[in-house]
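Asks: Residue numbers (numbering that gives the first Met the number 0), protein chains in the order written: chain S, 0 to 185; chain C, 0 to 185.
Simulated from the structure, these hints should not be mistaken for lab results. Some hints could be false.
No distinction is drawn between identical chains; accordingly, a pair holds when it is met within one copy or between any pair of copies.
[Said to hold, decoys possible] Quick list of in silico lysine-lysine cross-link-like pairs, DSSO-like style, CA-CA up to 27 Å: (1) K173 / K95; (2) K183 / K95; (3) K155 / K177; (4) K139 / K51; (5) K2 / K40; (6) K183 / K82; (7) K51 / K165; (8) K91 / K38; (9) K40 / K10; (10) K2 / K155; (11) K95 / K2; (12) K173 / K91.
2 protein chains.
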Amino acid sequence: MRKIGFVTSNKHKLAQMQIVLSAYGVELEQIKIDYPEDKEKNMEEIAREASKNLAEKLGRELIVEDTGLYFEAYNNFPGAQPKFVYNSLGFKGIFKLLLDENRGAYFKTVIGYCSPGKDPKTFDGQMNGVIAEEVLLPEKEAMPYEHIFIPEGYAKTMVEMDVDLKNSFSHRGKATRKFGEFIKNN
Amino acid sequence: MRKIGFVTSNKHKLAQMQIVLSAYGVELEQIKIDYPEDKEKNMEEIAREASKNLAEKLGRELIVEDTGLYFEAYNNFPGAQPKFVYNSLGFKGIFKLLLDENRGAYFKTVIGYCSPGKDPKTFDGQMNGVIAEEVLLPEKEAMPYEHIFIPEGYAKTMVEMDVDLKNSFSHRGKATRKFGEFIKNN
């Protein structure tokens with residue numbers, strides 16, 4: 000297995016991506032350090048800068064991952080800041096915002112990869128869907144928006160799906176497979 | 000007049016603060032450069048770090064200013080990101096969030112001041128009030144939240160007040176006077 004660092008504090012992301020990457024001979028090693036993100040830049044720019052800076056600083060090949068969520072009814076919201084919005088508004092505030100609005104939404108993941116001395120690369124994936132009208136399985140441990148996001152073509156929320164099904168079509172699964180293909184060929 | 004740099008791209012803030020600081024013998028010189036802010040830190044930490052880094056980098060004494068807005072009904076929202084929230088949700092989304100909720104809110108300004116080789120200092124000011132149920136004087140050019148914020152003890156929104164009245168009790172006016180007093184005595 001080829002060991003590649005993954006700078007994240009999120010164990011759900013780590014577990015989801017490891018399952019996909021095992022098929023490509025990659026073992027992710029979690030690196031828990033904070034790094035600055037200028038949330039006014041776009042996700043590709045953030046991923047490129049962060050992976051480059053961290054690869055040089057830590058002297059190893061590694062990835063960063065960032066996922067944004069976009070409601071059709073609003074402009075770039077919650078955008079690159081789903082965590083801030085969930086922590087501030089909760090499901091209650093999010094449902095208030097979407098009452099009588101278009102409930103269309105999409106997730107987008109960008110993975111930034113870099114090894115020291117090289118240029119960074121990015122890999123993206125998107126998943127369209129709608130925001131549910133209630134919180135499904137609130138007691139199940141999952142990322143917050145998985146409780147309210149119904150992917151296009153399905154009749155249930157992410158939280159009701161097993162990880163292999165999610166990985167087969169999710170934004171993060173798509174981006175992770177693109178990254179896996181790249182690693183396999185390089 | 001003592002010339003002090005003010006790193007901001009916001010001409011409204013510059014004009015408001017210059018009026019207050021003239022009485023303390025200070026002339027603000029606008030410096031238009033971007034600097035990173037880690038919005039997960041608190042406002043004092045952000046102001047301290049930014050003023051220190053910029054003073055050393057530019058080799059001159061200067062201030063930075065950051066203003067947050069806090070709705071009682073939510074947790075730390077819009078918080079340090081009023082611009083992101085207004086740009087994303089607009090007045091329509093903000094009113095939706097506050098429908099049938101506690102409309103109490105407060106503004107908080109923190110000014111960070113530093114001169115090269117010295118430790119940074121901060122000066123703060125707060126203003127309590129409520130969020131109006133409609134947008135007042137939408138056609139008048141002003142900072143967005145001035146159109147919907149009614150200060151405690153007043154029956155009109157900020158946008159309906161002249162700048163001297165606003166400066167006499169506003170978060171930014173209070174913080175600016177504290178800074179002016181410090182400069183006068185140092």
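Asks: With reference to the structure, classify each hint as holding or not holding.
Replies: Evaluation of the provided hints:
For the identical chains of this complex, K173 and K95 are neighbours neither inside a copy (31 Å) nor across copies (35 Å), given an alpha-carbon limit of 27 Å. With identical chains, the CA atoms of K183 and K95 are never at most 27 Å apart, being 45 Å at best within one copy and 49 Å at best between copies. In this assembly of identical chains, K155 and K177 lie within 27 Å of each other by CA distance solely inside one copy; the values are 26 Å within and 56 Å between copies. Taking identical chains as interchangeable, the C-alpha atoms of K139 and K51 are never at most 27 Å apart, the minima being 36 Å within one chain and 45 Å between chains.
For a Cα distance limit of 27 Å, the shortest separation of K2 from K40 qualifies neither inside one copy, at 29 Å, nor across copies, at 33 Å. Taking the shortest Cα distances, K183 and K82 never come within 27 Å of each other, neither inside one copy (32 Å) nor across copies (43 Å). For the identical chains of this complex, K51 and K165 are neighbours neither inside a copy (29 Å) nor across copies (46 Å), given an alpha-carbon limit of 27 Å. Taking the shortest Cα distances, K91 and K38 sit within 27 Å of each other both inside one copy (24 Å) and across copies (23 Å).
In this homomeric assembly, K40 and K10 come within 27 Å of each other (Cα to Cα) both inside a single copy, at 25 Å, and across copies, at 23 Å. In this homomeric assembly, K2 and K155 never come within 27 Å of each other (Cα to Cα): the closest approach is 35 Å inside a single copy and 62 Å across copies. For the homomeric pair K95 and K2, neither the shortest alpha-carbon distance inside one copy (44 Å) nor that between copies (48 Å) is at most 27 Å. Taking the closest pair of Cα atoms, K173 and K91 never come within 27 Å of each other, the shortest separation being 30 Å inside a single copy and 35 Å across copies.
The structure shown violates the earlier hints numbered 1, 2, 4, 5, 6, 7, 10, 11 and 12.
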